[in-house]
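**Q** So the chains spell out like this:
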Amino acid sequence: EAEVAQSPRYKITEKSQAVAFWCDPISGHATLYWYRQILGQGPELLVQFQDESVVDDSQLPKDRFSAERLKGVDSTLKIQPAELGDSAMYLCASSSRTSGRPEQFFGPGTRLTVL
Amino acid sequence: AQKVTQAQTEISVVEKEDVTLDCVYETRDTTYYLFWYKQPPSGELVFLIRRNSFDEQNEISGRYSWNFQKSTSSFNFTITASQVVDSAVYFCALSEEGNNDMRFGAGTRLTVKP
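Residue numbers (the working numbering), protein chains in the order written: chain A, 403 to 517; chain B, 33 to 146.
Just so you know, the hints here were simulated from the structure itself, not pulled from any lab data. Glycine is no exception: its CB is placed at the ideal position from the N, C-alpha and C atoms. Please note that a few of the clues may not be correct.
Unchecked claim - Computed list of lysine to any residue pairs in SDA-like fashion (alpha-carbon distance at most 20 Å, straight line):
| # | chain 1 | residue 1 | chain 2 | residue 2 |
| --- | --- | --- | --- | --- |
| 1 | B | Lys35 | A | Thr433 |
| 2 | B | Lys145 | B | Gln101 |
| 3 | B | Lys70 | A | Ala404 |
| 4 | B | Lys70 | A | Ser497 |
| 5 | A | Lys413 | B | Pro73 |
| 6 | B | Lys35 | A | Glu446 |
| 7 | B | Lys70 | A | Glu405 |
| 8 | B | Lys70 | A | Gly442 |
| 9 | B | Lys70 | A | Arg438 |
| 10 | B | Lys70 | A | Met491 |
| 11 | B | Lys70 | A | Leu441 |
| 12 | B | Lys70 | A | Glu446 |
| 13 | B | Lys35 | A | Lys413 |
| 14 | A | Lys413 | B | Gly75 |
| 15 | A | Lys413 | B | Glu76 |
Unchecked claim - If we take Cβ atoms under 10 Å as the criterion, some of the chain A residues that face chain B in the derived model are:
| # | residue |
| --- | --- |
| 16 | Glu416 |
| 17 | Ala420 |
| 18 | Trp424 |
| 19 | Gln439 |
| 20 | Leu447 |
| 21 | Gln450 |
| 22 | Pro463 |
| 23 | Phe467 |
| 24 | Leu493 |
| 25 | Phe508 |
| 26 | Pro510 |
| 27 | Arg513 |
Turn these sequences into a full structure, and let the hints steer you where they fit.
**A** What follows is the structure, encoded as structure tokens:
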């Protein structure tokens with residue numbers, strides 16, 4: 403069964419350092435999402451890509467966060483510099499191009515701890 | 033603005049009991065989509081079901097069933113004869129037709145004890 407891949411699974415970093423997360427969506431899925439999930443809460447959308455283009459990054463803190471999907475396949479989310487409040491689970495999801503708001507399939511996530 | 037409320041923060045049942053997880057949503061759109069996801073301790077969100085606003089038919093899948101009622105803006109999820117493996121956090125989510133965002137509720141942590 404096709405899955406969304408993410409790495410690393412866990413990341414511990416110190417405040418002010420740079421971190422990067424990688425996501426490889428299900429093959430053929432044109433839409434890719436990055437979510438942040440704070441402990442005890444539901445995921446919140448950070449950025450959405452359609453192929454290589456950003457569709458929605460209204461909730462992305464652009465002063466420190468950046469995301470790219472250069473070839474419209476895998477994607478990288480970067481935080482620089484990391485702050486204590488960035489500690490959370492970062493989830494990647496993908497969906498197919500079909501209409502009717504298709505379901506999103508999620509990867510295992512990257513759990514970030516900022517010390 | 034779209035909003036999803038899962039009033040039950042935690043539920044604990046004994047194996048084989050039936051359990052219902054509540055979900056109430058708010059939206060101004062006439063076209064929208066509702067979802068349920070399961071998040072086991074491993075952290076990965078597992079898709080369970082999608083419903084569009086024009087399809088109020090209830091659905092049953094094995095031990096799982098969903099009750100969609102537009103009149104009360106609710107999309108409740110029932111697990112029949114619960115099992116220990118059902119222990120997880122369950123999220124209800126809403127996506128409006130004209131909005132890229134999928135808004136999740138805060139989740140309900142279900143613990144099924146043997």
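**Q** Which of the numbered hints are not met once you compare them with the structure shown?
**A** Failing hints, ascending: 1, 2, 13, 16, 17, 18, 22, 23.
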